[in-house]
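Protein chains: 2
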Amino acid sequence: MRRTIFYVSDGTGITAETLGHAVLTQFPGLEFTSIRLPFIETPEQAMHAVERMRAEAETRGVRPIVVSSVVNPAIREVLNEADVLMLDIFRPFVEPLVEELGIEPSPTIGRAHGFGDAARYDARIDATNYALSHDDGMGRSYDEADVVLVGVSRSGKTPTCLYLALQYGVRAANDPLVPEDLEAGRLPERLVGHKGRLFGLTIDPARLSEVRETRLPGTRYASAEQCRWEVSTSERLLQAQGVPVVSTTRSSVEEIASMILNRLDLREKGA
Amino acid sequence: MRRTIFYVSDGTGITAETLGHAVLTQFPGLEFTSIRLPFIETPEQAMHAVERMRAEAETRGVRPIVVSSVVNPAIREVLNEADVLMLDIFRPFVEPLVEELGIEPSPTIGRAHGFGDAARYDARIDATNYALSHDDGMGRSYDEADVVLVGVSRSGKTPTCLYLALQYGVRAANDPLVPEDLEAGRLPERLVGHKGRLFGLTIDPARLSEVRETRLPGTRYASAEQCRWEVSTSERLLQAQGVPVVSTTRSSVEEIASMILNRLDLREKGA
Chain H
738 MRRTIFYVSD GTGITAETLG HAVLTQFPGL EFTSIRLPFI ETPEQAMHAV
788 ERMRAEAETR GVRPIVVSSV VNPAIREVLN EADVLMLDIF RPFVEPLVEE
838 LGIEPSPTIG RAHGFGDAAR YDARIDATNY ALSHDDGMGR SYDEADVVLV
888 GVSRSGKTPT CLYLALQYGV RAANDPLVPE DLEAGRLPER LVGHKGRLFG
938 LTIDPARLSE VRETRLPGTR YASAEQCRWE VSTSERLLQA QGVPVVSTTR
988 SSVEEIASMI LNRLDLREKG A
Chain C
738 MRRTIFYVSD GTGITAETLG HAVLTQFPGL EFTSIRLPFI ETPEQAMHAV
788 ERMRAEAETR GVRPIVVSSV VNPAIREVLN EADVLMLDIF RPFVEPLVEE
838 LGIEPSPTIG RAHGFGDAAR YDARIDATNY ALSHDDGMGR SYDEADVVLV
888 GVSRSGKTPT CLYLALQYGV RAANDPLVPE DLEAGRLPER LVGHKGRLFG
938 LTIDPARLSE VRETRLPGTR YASAEQCRWE VSTSERLLQA QGVPVVSTTR
988 SSVEEIASMI LNRLDLREKG A
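Chains as they are written, first to last, in this note's numbering: chain H, 738 to 1008; chain C, 738 to 1008.
The shape of chain H in the complex, shown without the other chains (with noise of 0.2 angstroms):
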């Protein structure tokens, strides 16, 4: 079964996609086809955005999904003619909060992504840059940092210390352990002072190897053998050194940035 699925909203459309997307895949067997309708900003736009929907309708035989985050009244307003499954990511909980609280929303659009916070938006562009100035060990010195990501090369380092910048504005620096420092079997005096803001990521050799592969394909670096070596060197100098290691084999940036953040009990910066 396809369906077609419209994220519908005044602001970027995040809010509603990401929600849209967890609710739907609580469904087996469903496929569907996404189309991202953000910034509807006037009722011109959001006539135009029921016409697709119409044709939608008509090509496909049955009537689209729509998951909303429109608060603009006049534009829900013509949203609601439209012949559809209306999911209204808010409605459901602005009813009880009125309840709870004693005071009135004020829907303001697009509030949600938007500039409106700027410490939090400064703190985020920082952090960005500070990975990227800390990547692969390029700063060498952590005194700023608020994590140091530690593993063998290409074992997640960079992604998750950019999620964390992005996403959370965490200072998030990496370093990778060579060959070199896995020999020397004990943790690179560059890391010592900083431990308590280590967090080791491990990978599955296997994979890793692929990964290696695709990047310098026959190389030692690459082969089964030196990725079995690196990874069950690493795992072993990490853990006898109290730093908390998780795997990147089958877990999401957002799952491992999210569970950096629960065990260094790091807050989100500028919230």
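Derived from the structure by calculation, the hints contain no laboratory data.
Be aware that one or more of the hints could be misleading.
[Stated by the list, open to error] Label pairs and their in silico Cβ distance ranges:
hint : chain 1 : residue 1 : chain 2 : residue 2 : range
1    : H       : A943      : C       : E947      : 48 to 58 angstroms
2    : H       : E778      : C       : S960      : 34 to 44 angstroms
3    : C       : G955      : H       : E881      : 16 to 26 angstroms
4    : C       : R791      : H       : T796      : 52 to 62 angstroms
5    : H       : D859      : C       : R739      : 22 to 32 angstroms
6    : H       : E972      : C       : S969      : 33 to 43 angstroms
7    : C       : E962      : H       : A943      : 51 to 61 angstroms
8    : H       : G933      : C       : K932      : 42 to 52 angstroms
9    : H       : R791      : C       : E947      : 41 to 51 angstroms
10   : H       : A943      : C       : D820      : 47 to 57 angstroms
11   : C       : T796      : H       : E881      : 28 to 38 angstroms
12   : C       : T770      : H       : R973      : 34 to 44 angstroms
13   : H       : T796      : C       : E950      : 49 to 59 angstroms
14   : H       : D859      : C       : P981      : 22 to 32 angstroms
Note that the structure is a prediction, hence the values are computed from the model and not measured.
Glycine included, C-beta positions come from ideal geometry on N, C-alpha and C.
Using the hints provided, position chain C relative to the given structure of chain H.
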């Protein structure tokens, strides 16, 4: 008025937090302290969570608000014992979908941000590596780019590229318009063949000067005059070439990324 918000999940909690934040920002004057409780995977952990909620209610003198994306029934049961305003972010949408689709949901914990979709994951990691190796004109060949962001130094290109990669799996390169390019008064040769994929970023000159001052204080590069000249010249150049231009001064990274996707009709990769 300050209230405590718990974000509780048996996954990362990202969906709960995204939606909760969007709803709560609609209540002006409400200030809140957020506590994340992700990866609540056992009834014991749920009982600890309930205990924390009780303690918070006592300290604060008012019951907390809980935004929950927990799908595991045993854990939900424990959480429902807490004296809180419980906002379950999935419940309101499951029933209408069951009716619409005629299939029963099979809640799978953490699927929304989980590893479930390997193709999507790989696309995002690939795109991140691409963004890093094509940052600030490093790549110089944009044949594989989905989009090439152009603009003066510090106009916000790098964070936008990384966000496009991590969030959408879009391969975004970026290329700086340096003073020599601006003096030449035409699109640099290296960009001419990629016109359909170019997207311009601009920024308020005063804000640009501020940002550059933090980086290289007291330089010509950071001077108000130089910033004004670079911004106006680059805007004129891009507009003359029909390259869409957006200002990063008052928009968040999410908004800019969403506008670019929308404008260039890019689709999420591996989705």
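Status of each hint after checking the structure:
1. A943/H - E947/C: 48 to 58 angstroms: Since the Cβ atoms of A943/H and E947/C sit about 49 angstroms apart, the hinted range of 48 to 58 angstroms holds.
2. E778/H - S960/C: 34 to 44 angstroms: Holds, since E778/H and S960/C (Cβ atoms, about 37 angstroms apart) stay within the stated range.
3. G955/C - E881/H: 16 to 26 angstroms: Distance hint for G955/C, E881/H holds at roughly 23 angstroms.
4. R791/C - T796/H: 52 to 62 angstroms: At roughly 53 angstroms between Cβ atoms, T796/H and R791/C fall inside 52 to 62 angstroms, so the hint holds.
5. D859/H - R739/C: 22 to 32 angstroms: Since the Cβ atoms of D859/H and R739/C sit about 23 angstroms apart, the hinted range of 22 to 32 angstroms holds.
6. E972/H - S969/C: 33 to 43 angstroms: violated (55 angstroms)
7. E962/C - A943/H: 51 to 61 angstroms: holds (58 angstroms)
8. G933/H - K932/C: 42 to 52 angstroms: holds (51 angstroms)
9. R791/H - E947/C: 41 to 51 angstroms: At 48 angstroms between Cβs, range holds.
10. A943/H - D820/C: 47 to 57 angstroms: Holds: the Cβ-Cβ distance is about 49 angstroms, inside 47 to 57 angstroms.
11. T796/C - E881/H: 28 to 38 angstroms: About 32 angstroms separates the Cβ atoms of T796/C and E881/H, which means 28 to 38 angstroms holds.
12. T770/C - R973/H: 34 to 44 angstroms: Since the Cβ atoms of T770/C and R973/H sit about 40 angstroms apart, the hinted range of 34 to 44 angstroms holds.
13. T796/H - E950/C: 49 to 59 angstroms: At roughly 54 angstroms between Cβ atoms, E950/C and T796/H fall inside 49 to 59 angstroms, so the hint holds.
14. D859/H - P981/C: 22 to 32 angstroms: holds (26 angstroms)
Comparing the model with each numbered hint stated earlier shows that hint 6 is the single one that does not hold.
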